[in-house]
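2 protein chains.
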Amino acid sequence: MKYYSSHISRLIEVLGKLPGIGPKSAQRLAFYIVNMPEDQVEYLSGVIREAKATVCHCKICYSTTDQEVCQICDNPFRNQKQIMVVENSRDLVAYEKTEKYDGVYHVLHGAISPMLAIGPDDIKLRELMQRLQGEVEEVIIATNSSLEGETTAMYISKLLKPTGIKVSRIASGIPVGGDLEYIDEITLLRALEGRVTL
Amino acid sequence: MKYYSSHISRLIEVLGKLPGIGPKSAQRLAFYIVNMPEDQVEYLSGVIREAKATVCHCKICYSTTDQEVCQICDNPFRNQKQIMVVENSRDLVAYEKTEKYDGVYHVLHGAISPMLAIGPDDIKLRELMQRLQGEVEEVIIATNSSLEGETTAMYISKLLKPTGIKVSRIASGIPVGGDLEYIDEITLLRALEGRVTL
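Chains as they are written, first to last, in my numbering: chain A, 1 to 198; chain B, 199 to 396.
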C-alpha cells in the first residue's frame, strides 16, 4: 500500500535528503508545501534555483558570495594581514555576528577526516598557503572543536611552522553562561589548562 | 553589515518560514543547497513545483492525493461504512501505517480553535455531514489529544447525536513502551478512567 501520491512521495524523499531533516520532518514539510498558496510555492522554488545560480565562492577567501571578491575581502577597513581559518561559511557568519573581529577569513570547505576519507588536498589548504605568500601577520585557526577540527588545526599549525607566521587557535573552555555541572570532562580540563591570570 | 549575499538572505528567509525550521536550520539548509550540484538543485526546485501543481484533495474524504478520488475511497475492499475523522493527511498516513484499519477517512484540514479563530465552518465539517447521508455505521473521531482536538471531538459528537450513527473516540492512555514515571498526570488519569477489564 502506498500512503502518498507519487509526487508527494518524491517531495518527501528529496526533502529528507537535506541535512537535519528526518523522515517525519520531511513528511510535515511536504504536506505543508502542497497546502501553501501557489504563488508562494513558485517563489520558494524560484528562490532556491536563483540562489544556486548566482552564488559562487570568493576568489580570495572562498566564502560563499555572489561577487567575484566578497564584501569582507574587498573592505579596505578590514585587517587583511590577519586571517581566520574556518571550516565553512556558516562559521564565518557566526564570527561576523560578534561584530568585533576586523580581520579577514579563509574558508576551508571541510575539515580533514580520515574516517570520511577527506585529506588535506580535499579542502582549501593549498589556496591558504598561496595567500600566505602575501603580507600576513597572523593565522587564527577557528576550526570546530571536534576530532576533525582539531586534526585540521594541528595539520595547519605544522604546515605553517616553517613560514614563521604567527599561528593561533581559538580558546577551548566553558561557554559563557555555562554551568560547570553539565559540562563534559574534556572541556573542563581544557578550561583548566587554558586558564588566564587575572 | 550584511552577513550574506542577497540571494542567500532571501533563501534563508523563505526556508525559515517553513514549519519546524528555525533561523539556524534555515541558514544551514541554505548553505547546503547552494553547495549542492546544480542538477540536484534543479530537481529539488522542480519536485516542489510539480508536487504543488498535481496535488489536490480527494472529493470524498478531502485527503491529499493526485486523483479526483483517492486510492482509499476508491478501494472496494475498504469498509466505506466506517469513517475515521482526522485533522490532517499526516494523521491519516499515521493510521495507514498500522496496516490494520480497513475503514475510510475524513480529513478535516484543521481543528476548532477559538484562540486562532478557527470555527466549525473553517474545517471540512459540512462535508462530513453530507457524507453521513449515505450508509454510514460508525464515525471514529481520531483528532489529536490537544485542546483543539478535544474541542473538535466534542463538537462532532454533539453534532452527530441526532443522526443515531455510532460515534467513537480513539483511546487516551499510556503510549506503548511508555514509562509511567515520565507521563503527565492528565494522561495517567485518562489511562485510569479508560481501564479495560482483563
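Derived from the structure by calculation, the hints contain no laboratory data.
Backbone N, C-alpha and C define an ideal beta-carbon position, used for all residues, glycine too.
Take these hints with a grain of salt, some might be off.
[Said to hold, decoys possible] Computed footprint of chain B on chain A; a stretch qualifies when at least three of its residues, placed anywhere within it, have a C-beta under 8 Å from a C-beta of chain B:
no.: 1; stretch: 37 to 48
no.: 2; stretch: 158 to 165
[Stated by the list, open to error] Derived DSS-like pairs: lysine-lysine, alpha-carbon spacing no greater than 27 Å straight-line:
no.: 3; chain 1: A; residue 1: Lys124; chain 2: B; residue 2: Lys322
no.: 4; chain 1: B; residue 1: Lys215; chain 2: B; residue 2: Lys364
no.: 5; chain 1: A; residue 1: Lys2; chain 2: B; residue 2: Lys222
no.: 6; chain 1: B; residue 1: Lys322; chain 2: A; residue 2: Lys97
no.: 7; chain 1: B; residue 1: Lys356; chain 2: A; residue 2: Lys24
no.: 8; chain 1: A; residue 1: Lys81; chain 2: A; residue 2: Lys97
no.: 9; chain 1: A; residue 1: Lys24; chain 2: B; residue 2: Lys295
no.: 10; chain 1: A; residue 1: Lys2; chain 2: B; residue 2: Lys295
no.: 11; chain 1: A; residue 1: Lys24; chain 2: B; residue 2: Lys222
no.: 12; chain 1: B; residue 1: Lys200; chain 2: A; residue 2: Lys81
no.: 13; chain 1: B; residue 1: Lys257; chain 2: A; residue 2: Lys97
no.: 14; chain 1: B; residue 1: Lys222; chain 2: A; residue 2: Lys17
no.: 15; chain 1: B; residue 1: Lys200; chain 2: B; residue 2: Lys222
no.: 16; chain 1: A; residue 1: Lys2; chain 2: A; residue 2: Lys24
no.: 17; chain 1: A; residue 1: Lys17; chain 2: B; residue 2: Lys295
no.: 18; chain 1: B; residue 1: Lys200; chain 2: A; residue 2: Lys100
no.: 19; chain 1: B; residue 1: Lys298; chain 2: B; residue 2: Lys322
no.: 20; chain 1: B; residue 1: Lys298; chain 2: A; residue 2: Lys24
no.: 21; chain 1: B; residue 1: Lys257; chain 2: B; residue 2: Lys364
no.: 22; chain 1: B; residue 1: Lys279; chain 2: B; residue 2: Lys257
no.: 23; chain 1: B; residue 1: Lys200; chain 2: B; residue 2: Lys215
no.: 24; chain 1: A; residue 1: Lys2; chain 2: A; residue 2: Lys97
no.: 25; chain 1: A; residue 1: Lys2; chain 2: B; residue 2: Lys200
no.: 26; chain 1: B; residue 1: Lys222; chain 2: A; residue 2: Lys124
no.: 27; chain 1: A; residue 1: Lys166; chain 2: A; residue 2: Lys59
**Ascending list of hint numbers which this structure does not respect** = Failing hints, ascending: 2, 3, 4, 5, 6, 7, 13, 24 and 25.
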